[in-house]
Structures are given as C-alpha cells and as structure tokens.
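Undergrad: Line by line, the protein sequences are chains S and A. In case it helps, the working numbering puts the first sequence at residues 2 to 431. In case it helps, the working numbering puts the second sequence at residues 2 to 431.
Fair warning: there could be bad hints in the mix.
Computed footprint of chain A on chain S, listed as stretches where at least three residues anywhere in the stretch have a Cβ under 8 Å from a Cβ of chain A [stated by the list, open to error]:
hint, segment
1, 92-104
2, 225-232
3, 240-248
4, 323-331
5, 382-388
Derived by calculation from the structure, the hints in this document are not laboratory data. Keep in mind it's a predicted model, so treat the numbers as computed, not measured. Glycine included, every Cβ here is placed at the ideal spot set by N, Cα and C.
Protein chains: 2
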Amino acid sequence: MVPHLTTALTGPLLELEKHFLDNATAIERWMRSQWQEHMPPFYGSTDLRNSGFKLAPVDLNLFPGGFNNLNDAFLPLCVQAAQSAVERICVGARSILLVPENHTRNQFYLQNVAKLVSILRLTGLEVRLGSLLPEITEPTVVELPNGASLTLEPLVRHGNRLGVKGFDPCAVLLNNDLSAGIPALMNELHDQWVIPPVHAGWHARRKSNHAAAYDRVTRDFCSAIGIDPWRINPAFDTCSGLDFHARTGEQELADKVATMLDGIRAKYKEYGVSDEPFVVVKADAGTYGMGVMTVKDAAELIGLNRKQRNKMSVVKEGLEVHDVIIQEGVHTFETLNGAVAEPVVYMMDHYVVGGFYRVHTQRGRDENLNAPGMHFEPLAFEAPCSLPDSNQEPDAAPNRFYAYGVVARLALLAASVEIEETAPAVAAEA
Amino acid sequence: MVPHLTTALTGPLLELEKHFLDNATAIERWMRSQWQEHMPPFYGSTDLRNSGFKLAPVDLNLFPGGFNNLNDAFLPLCVQAAQSAVERICVGARSILLVPENHTRNQFYLQNVAKLVSILRLTGLEVRLGSLLPEITEPTVVELPNGASLTLEPLVRHGNRLGVKGFDPCAVLLNNDLSAGIPALMNELHDQWVIPPVHAGWHARRKSNHAAAYDRVTRDFCSAIGIDPWRINPAFDTCSGLDFHARTGEQELADKVATMLDGIRAKYKEYGVSDEPFVVVKADAGTYGMGVMTVKDAAELIGLNRKQRNKMSVVKEGLEVHDVIIQEGVHTFETLNGAVAEPVVYMMDHYVVGGFYRVHTQRGRDENLNAPGMHFEPLAFEAPCSLPDSNQEPDAAPNRFYAYGVVARLALLAASVEIEETAPAVAAEA
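Take the sequences, apply the hints, and build the full model.
TA: This is the structure in structure tokens:
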C-alpha cells in the first residue's frame, strides 16, 4: 500500500520523479563517484517530507532506531549491505559490541536492537550488547513480545578498549546518540573501531553543519543532473546566542524568520504554489523532536508565553538551547486513509535497504510528526528503492520509492561530508 | 516450494546443514577474510548436487546464463551486488559493453541477457550489446516474449578498445564463454577493463584447475569449520593424451576410474552409504554438458562403441578431446513431484543473489542434467541464501538455501584462485 499524494500540485513532483527516472543511470553513476570520495556511514535513516512540489529530508539520523519497521522481505538487502559496511570499516572484525539507547521498556526500540543484532550476526560477527545504564550491573535478560530476548550487559573498560565481561570486541557500534555527551567509559578508545565516530553523537552534532553539507551536496547533484536545487533542498539559516527564558535574541530570530518566509513566498510564486509558507525553528543540537516550533508569521516569535519558551529552551538530557536552526518547512501531502504519512528511509553503507511510512491520524500536514511520545503506525515500504521502472508512471510505487532513495542518499552523503569536516584534528604523529 | 530430499540418509546431510547453521558466524567471518585475499569474479553460477550425504558443486560457470530464472523478489539483491562488483572492478565506469553468446533465437538465453542489461543499468552504467556473430552487420532488434527487445550491434575495434558504433565503453563484460578461442577483435584490449579476463574463457579454462583450487579451498574451509572435506568435495583425477577415436589411453583411463571407484566405495562404507558409487568422465576443456560420461564400472571404458567414442571425442565448437577429468559422481536425491531437481546458485561479486532448481522429469538421479538440448523447468528459490534461521530445523528452506549458498561461494572462491593462478605472466615493466 502506498500513500496517496493529496495535492492539486502533482505536476511539479511528477516532473521531479520523472527527471530522476529519466536520469537514473546518471544519478547512480554520480552516486558511485561520490562514494569514492567519501566514507559512507555504517548506517543511517532519514525522515522525508513530500509536498508534491518539493521532496526533502528533514533530518539524518546516524543512530537509526526503526530497523524493526522494515519489510522483512528486504532483510537480505540489510545483510548484504551490512557485509559491505563491515568490509569497508572493520574488515578483520570477528566481534562487535552494540551500545543501544538507554531504553529498557520501549518494546519498539528493543525490537530494533534485536533486528540489528540478527543482521550483524549474519555478517559473521559475534555480537553482544553493552549498556550505558548504571542500573545494568550484571547481565540482564529483556524479553521481547515476539518471544525472543536480549541480554544487556554492563560495559567493561580495559585500557583503550571497551567490552563486556569475557568479551573484548574488535569494534563498537553505537546505536546510542550520545546526547548526554561522551561517557567517560567511551573516551579515547584508540584500540578499537568505534562506529560512528563519537564526534557524530548529538552532544557535538549540529543540525546546521548537516544542512550546510546537504546544501553543497545537492547543489553539486542538481547541477550534474539538471534540476533546480530548491526542489530537494529546504532553505536554512541559524541564530545564535539565544536565551528563550531571558528573551535574549528574540528580535533577531524573528527577523531571520521573516526574511526566510519572504524568500519561500517568492519561490512559491515562481512555481505557482498557493500554500502558506512556514518555517521550522529547531534547537541546533536537539533531537527526538524536542525544542521544535512551527512558525508561519515572524510576529509569533515576539512575546512567546512561558510554556512556549520552556518548550524551546530545553532539549533531551536537559541541555539548554542557545542556538537554533531555521529551516524552510515542507508540507506533508502524503496521506493514507486521511492520515498524514511520512516516509522514513533506511540505509546501510551507501545502500538503501528499505523504509516505512510514519502514519499519523491526529496531526496536520505542517506539524512535526516525530514529537516526544508521539504515536505512529509504521507501514513498511512495499517495494525496494533501487528498482526504478521506466515502463511505469513516474509516481508508480517503484518510482516514488526510487525518488525517496535518491534524496535519502543525498542526505546520507551530506552526513559523510559533515562527519569528515567535524572530525577533531588528529594529533600530530610523534 | 522446496524439493523433497528423497533419501533414507537424511542423517548425514542434516548433520552438515546443522553444522553450517551452528557455525554460520564463523563461516561468514571466514568468507570475509578470504575475499580480502582474493578478487571475487564479477558473477558466477554453480550447479550443485545434493545426495543427502554429500553436497557439492559440479561446475562453476563464469559466464552465467540464467539470471532470468531467479526470483524477481531478489532483483534488488542483484542490483546491490552488481554495484559492489562495479565499485570493486571498474569504479569509474560510465558505460559497459555486454558481449553475449551467439544465440539469437534462444529466447531463454536472450531473457537472461535482458535481465543482465537491466541490472547493469540500475548500477548507473550505460549498456549496449556487442555481438560476435558475423551476420550481425548492423544494429539488429530481437523481440522477446515479454514484449521487451534487445538490440545486438556489430563490434567495432579502435586501437586497444572495443565498442559498437558511437559507443566507446569503459568496460567489456563477457557473457560469452569464448569456447572457440579469443576472437581477434578481443585480443589485447589493454585500455579497457575486460570482465572476466579473457584467460577465464573456456578456450583456456580447465575443469581440473578449478577442481584443484576447490580442493584446496575446501580443505582450508573444513579445517576452519571442523567438518570432513569429503562432505562437500568430490574426489577428482585427470587423464591426458587420450584419443577416443584411436582408443589411445583407454586402459589408463579405466585404471584411474577403477581406483577412484574403490576410493568412493571405501568412503561409502565408512559413512554407511549403500548407494552404488559412480564417476563422471568429462572433457577437461568441455562445457555445455558435451563430452560427458557416467561410469559405474571401469570395464565400461574398454571397447566403447563408435557412438560413445564420437560423443566423448568432440565438444562445443568442434574441439577434439585429449584430456579428461574424472570426478566422483554425486547422486541427486532432491525431487519435486517425482522429478529430479538440481539447485543452481547465482552469485555477483561475492554475494549469493538467488538461484533456481532445474527440475527434470525424464532423467535418473546419477545422470547429467545439463546435457545439450536438455529441457528443464526452472523453479526459482523461494527464499534467499543469506538468512540461516537457527529457530528452524536444519533442513528448513532458509537453512537448506544457506547450505547451498555456502558451498556455492566455496566454488566461487575456487574460481577466484583459479583465475589468479592461470593469469598469463604480466610483461615486465619497461
């Protein structure tokens, strides 16, 4: 089942999908050349917005948490892509330690961990789970609804290596986004592969670095393929030195938002789009949909009430927000039985391995669907993203999924560039 | 649908499948390390025999011709694996010339070519078909039963490069096994990637080199994994200087066959197998099931009648047979509705991408199912070969397919070793 694109403006997107379809060979060749220059992340996922006139990612998660939502039919693709990733990053590895998020009761997340464990085992790795939770002081079995179980073990550090008792792994795979910073246990693990590198954790990562990298990647891509980058690239800006409680920087933020809204309005006019422009203001270091605000008029930002200021000022792990990214909002026009449906695309190495729709019945099309505690129904993609079919219409399922896969890989490529550019300087050799 | 293994001797094979299943992690790790040492062929297929007590390949085809018989659900696996292969062998390639066999009316083969073309296009390569047929003097459209078509074009040589008119490809992919030798047009293509290298064509390839490489590969593998190599490795020997017409070498061949039959008998006794041993005598340079003979008693080789001698003395392209390989026969005990069913496993790069059963109703289980003009019904594997499931019985479909995939990859690895070892010496650098 594929969500319906409920918009009168199918013309422009059809045009984009058609352009991707007609240029699939050139696109794949371009991608191949880029992955020669940049090291693909081990894995990643990206949330897309599809407005009918614009198809764009809104974030790129380097610690993806929904592998359990993928179509089981694509599990072999995951295994094959994971084999590539292991060969590329840690070819000699015999064993790997997976460090999950600190959720022990979130059954959905735990099923994601279980799926990752099974994928990794099928690549020929011994896998164990090391937990950062202080209450995990001994191996703890967690039962899953499907009858399987996971064993969480306390982390053990030996010199420059991390493991669990009786297990000294070749590599450490993070599925924990390190929002709270790099735990002391994980600092300076010079004798192991740590994937992704710790500087890609959310304690250090900035949405604006990613957006800047995505901006450059899409400009290159669009010039090679011949489309207006605006079709796939939301405008962005940043605003620093904010203090929402003290109302410091409020006016500067409102001015920047006003400028962006004007810019979007001009583009809408150029393309004959009659929808109302909006921007999304997000904590630059935030995640999990916290510290996010949708703005249609810059005046909304002057004199926010206490509740609104509280909401914007703190993100996960209680971190205060001083820097935000202002991002052009992309309407969500895909619906399934009247419910808003957002595609989420999953990748391992540089391959798209599947995806699903977040189907949500209670939210508007310009609101953030990944808000805390938000309930959604996952609907696995019915077809892979790698088989564009020029014998079918540009918006037929294989071609829609292909377009998703193209944009998702551009976001992944931007993440590669971002990780390279934000890497701490390597200490000079002695 | 999975063929039934009709044998009282399910014990030993279950044991082998169970061993593969229990050691899947170690097996995948072993494979990963081997593919670091050896360059995987671009693609390959292998015919397996499954006797219930022995699971072994009977050949390894470096110019596979049945991609059309694979389960469509696995096409994404083919595309992903082909992307890996292209990245490994000719990463910068924009275009590729596919050189098919000289069949213009074999609809099954042409559908294989069409499938290959679509896989290659999806990896980002422009693809055209260059034919070695002298009658193809201009672009010739061949219609396929599914409504698609292929355009065969005459080959054009420019300096050290091969192409077709207006198309100077980065790489040449052979799906033609070069049984008749290297055509003048294809000699010394120093400025292009030629895949597989021409010395892997059947004009030069010897089954005995492959068998010797497979012997070493499986000895290493079995010692790492802890099984008796006999379970997956048929005994082999060679006999040279034969002239079937002149009856030269007849006695030597009969003696070698007798020795091998004795050896098999001893092994059958050791494992409690009550079946009748047999060997297969094949032209060392033969292909397409020509020049093949099944022998249960060495005496059969003395005084062959004219018809038998004719059959053995000439293979494809009219080449005379002077050297044969004698190979331990492996019974085919898999049947589907009473018909003998043989698995054929397909690989691209070092990944198993699918397979099918050759289902044949009119042949015995110890006969060659790939004889000239032989009709068979392909039955695509219903599940991938990369997802062993220890929650299921060792002979459940995913585990049976996994075992096929392991043995097939060993044969592919042997082909890599063989191609390396038979490569012509590189001219010394100036």
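Undergrad: Give me the numbers of the hints this structure contradicts, sorted from smallest to largest.
TA: Structure breaks hints 2, 3, 4.
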